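> Here is what each chain is made of, one letter per residue.
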Amino acid sequence: MRTLISEGGFDFMGRRTFAYVVSGVLLSVAILAILLRGLNFGVDFTGGYTIEVGYQSAPDLDVVRDTLAAAELPDAVVQTFGTSTDVLIRMAPGAEQSNDAKVSDDVLAALATTSDEPIDMRRVEFVGPQVGEELRETGGLAVLFALGAIVVYIWFRFEKKFSVGSVAALVHDVVITIGFFALFQIEFDLTVLAAILAVIGYSLNDTIVVFDRIRENFLGMRRGTPAEIMNASINQTLMRTVVTSGTTLLVLLSLFFLGGAIIHGFALALLIGVVVGTYSSIFVASLAVLMLGITREDMMPVEKEGAELDSIP
Amino acid sequence: MNNSTVLWRVLLLAAVVLTGALLALPNWFGSDPAVQISGRDAEVDTSVAVAVRGALTEAGLAASETRDDEGRLLVLFEDEDTQLRARDAIASALDPNDYTVALNLVSASPAWLRKIGEPMSLGLDLRGGVHFLMEVNMAAAIDSAEERYVADWKREVREERIRGTRIQHENGELSARFRDEADRDRMLDAFANEVFDLDFDTSEEGGGFFITANLSEAAAEEERRSAIQQNITTLRNRINELGVSEPIVQQQGLERIVVQLPGVQDTARAKDILGATATLEYRLVVGGPAEWAAAENGNVPADARLYRERNGSPVLLSRDIIVTGDQIKGASSGLDQQSGTPAVFVNLDGAGARRMQDVTQENVGNPMAVVYIENRVDVRMENGEEVTENTKVEEVVSIATIRDVLSHRFQTTGLGSQEAADLSLLLRAGALKAPVNIVEERTVGPSLGKDNIRQGFLSAAVGLALVIVFMGWYYRVFGLIAGAALVINVVMIMAVLSALQATLTLPGIAGIVLTTGMAVDANVLIFERIREELRAGTAVQGAISAGYDKAFSTIADANVTTLIAAIVLFGMGTGPIKGFAITLCIGILTSMFTAIFGSRVIVNWLYGGKRLKSLPI
Chain Y
1 MRTLISEGGF DFMGRRTFAY VVSGVLLSVA ILAILLRGLN FGVDFTGGYT IEVGYQSAPD
61 LDVVRDTLAA AELPDAVVQT FGTSTDVLIR MAPGAEQSND AKVSDDVLAA LATTSDEPID
121 MRRVEFVGPQ VGEELRETGG LAVLFALGAI VVYIWFRFEK KFSVGSVAAL VHDVVITIGF
181 FALFQIEFDL TVLAAILAVI GYSLNDTIVV FDRIRENFLG MRRGTPAEIM NASINQTLMR
241 TVVTSGTTLL VLLSLFFLGG AIIHGFALAL LIGVVVGTYS SIFVASLAVL MLGITREDMM
301 PVEKEGAELD SIP
Chain H
314 MNNSTVLWRV LLLAAVVLTG ALLALPNWFG SDPAVQISGR DAEVDTSVAV AVRGALTEAG
374 LAASETRDDE GRLLVLFEDE DTQLRARDAI ASALDPNDYT VALNLVSASP AWLRKIGEPM
434 SLGLDLRGGV HFLMEVNMAA AIDSAEERYV ADWKREVREE RIRGTRIQHE NGELSARFRD
494 EADRDRMLDA FANEVFDLDF DTSEEGGGFF ITANLSEAAA EEERRSAIQQ NITTLRNRIN
554 ELGVSEPIVQ QQGLERIVVQ LPGVQDTARA KDILGATATL EYRLVVGGPA EWAAAENGNV
614 PADARLYRER NGSPVLLSRD IIVTGDQIKG ASSGLDQQSG TPAVFVNLDG AGARRMQDVT
674 QENVGNPMAV VYIENRVDVR MENGEEVTEN TKVEEVVSIA TIRDVLSHRF QTTGLGSQEA
734 ADLSLLLRAG ALKAPVNIVE ERTVGPSLGK DNIRQGFLSA AVGLALVIVF MGWYYRVFGL
794 IAGAALVINV VMIMAVLSAL QATLTLPGIA GIVLTTGMAV DANVLIFERI REELRAGTAV
854 QGAISAGYDK AFSTIADANV TTLIAAIVLF GMGTGPIKGF AITLCIGILT SMFTAIFGSR
914 VIVNWLYGGK RLKSLPI
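Chain order of the listed sequences is Y and H. Quick note: the first sequence uses the working numbering, first residue 1, plus one each step. Quick note: the second sequence uses the working numbering, first residue 314, plus one each step.
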């Protein structure tokens, strides 16, 4: 049998100070970043234009900027994307333009006339201001709705304190992941939002495996304080947590490095979410349940098999 | 508890894997570019095939295969470049009024496999193409409905020979002013008898007797519904005219239409054609140059209106329309035989032809004008609010003396050649009932589409390989069994996507990649349980059995939560996000089958019922 870490009773619950400090620091940095720097929303949410064009050889970005300014298309953010030959042009939704959807055509036409080589139109995204606002609303609602539905499921399937614990872990993971995007001002678009929702699903998946074992041990182990039982449960599931996170990280790294620039934000959000989610399912979720004062009695009415187990000598 | 191999389980697994492999197989062959010829009114028969073959030979292009597919003719080509040139060659050889020629991607599988299934359709981000979200201008739809009532009222008042009335509509209210109360009451009955869609009211003010009316809520609702329905029909027709195959035109919400055009590269033209409101009107000319000049100073006769020619010079036209664009049922563009200038050849429907015949019969020798009309919608931002402005551009494109009685078919000159081609397309496809405005556009160029496919599949393959290697290293034979289950899972996701004819997008591929990483979780849970049992001293067969049994409820719980998140994503997401949610949902469901049931069958087959001291786990 191969093992990645030595098996045995690592005292997770005894290391609360470690968890308090790590989570405390990460959460404060994340919340401060979100409040002070805010998220760098992509055109999906702000409305505006994203135009990606491919040149045969790396163009001078200043020339591109001048071309756009000369064509009376000012306020364009011009940068390379992925490779030096790909140029990304971002513009805020027009205040003056008479027909919004045509602006992207104007940009492409302006670039084509001033370039000696053919320009490859790779991608055009235009989101009207109203659509952007709607996407922002539904996006926020989706996150809240997913959280709500999951709380209901856990409540139904486990017990109130577990449900609170798992949501604490979830909020922890989501806030830190979003905070990372705010801190480094990485573009936050629809695919990142999708990744955040997937993080919610994943983080919970991890937490539930630990909770499942805690419940089983509360019913099965006759002796031990709640803290001891939790420690045992976390240790028993530790290998699984590490292996599953490992395989998920492997595919995400593959997606991040090989999946192309468009999928970067998505893969990055999941990478952070999985790492933080793994940490939180070990430390945060269980600690929260312990702090809420879980007892053996809390477990009893939930499932009938408890009665059978008790009758075993 | 000896884990012996049970026949039905093996058969079930084999059946599922075989079916899955067959359904997924068409994806291995992929798709070939093709030109698709379908009949509008005419049958696609052997004469069409002969014409197509002739056109291709003349252009020096070779088709790799020709298929007869439920009344459509599909001509397959080796590459997209040949396909594009072939489309142009074929289109010019066939009458656009009879046949539509479109670009398509068709399954490259052998014939027997095509009977079983089709490959997954690729999303716009993988294939290249345009996604538009269009908003129908409902205010304009209601406005034109009110305009219709005003015209009806005016006609009735004229028929009753009541003088001195003023009929107009303003701010959503129709009003008619009469000099005489008796006339007012008589017309109120007449108006109210005719239509049930208006809420009427009467009033007196400043010596005038008024009828005011508002469109009832139900009628307004119906107007909006029919505006969006008719616009969808018109957009579909126009897209067919553009030669785009497998377009998606769908209503979204109450006022919006989603249009997806795979493979379209010239987005500027697509935008022009889809949003265009150009149409024609035929009117008689009133007076001569002297009256026209006087009209510029406000001296316009009651039965006429002032128009302008393209060069800006004024002309008076009758208020009565002879024929509108709605009555044109066919149109094509070409060159005028005599002058060699671009011309639109127009076919009128029965009612339009009768009217044209009547009017031209009475007016031989008199001039008739053709008016080119375009409704432009401008959207501006004003103090953070979107303001929509409708402007109607009317230009007289030609004035010609009626030499003969016209009826069904005649021609109009005075337009540029691109304009003539676009106008004939628009006339064939029908007019939009209300103007549309693009509120979202997502276009992916063909080169990025190819990159996305390549990078998507590469990252999926590398991810899968990494997981299998890791699992094999860590859990040895059992890890490889989990790897086999994983491969089966990917095949099954592809099979389900193909069977549902779901669309694969880049986020969809990301969903498959993510599922690959997460699907092994079930096996990890089981294997860790088996290890625990073995450490606790349980015998091999008992450990296997207990491992699978005890892990089950945990696996179910863990998957349900991810499923909830995926379903929320599906419900709230748009376009590409939906693709991610679909593959995630399917992946979770199929992985439950392959990771639990599938791996168990293999484990039992390899180790079940044997007296073993240890397991390679």
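Rather than coming from a laboratory, the hints here were simulated on the basis of the structure. Computed from a prediction, not measured in an experiment: that's the story for all the values here. Heads up, some of the hints might be wrong.
Simulated pairs of lysine-lysine, DSBU-like, Cα-Cα distance not exceeding 35 Å [stated by the list, open to error]:
| hint | chain 1 | residue 1 | chain 2 | residue 2 |
| --- | --- | --- | --- | --- |
| 1 | Y | Lys-102 | H | Lys-926 |
| 2 | H | Lys-705 | Y | Lys-160 |
| 3 | H | Lys-705 | Y | Lys-102 |
Just some of the chain Y residues that point at chain H, by a computed CB distance under 10 Å [unchecked claim]:
| hint | residue |
| --- | --- |
| 4 | Val-78 |
| 5 | Thr-80 |
| 6 | Ile-200 |
| 7 | Asn-205 |
| 8 | Ala-267 |
Where is the CB? At the ideal position from N, CA and C, for every residue including glycine.
> List in ascending order the numbers of the hints, as given earlier, that are violated by the structure.
Failing hints, ascending: 1, 2, 4, 5.
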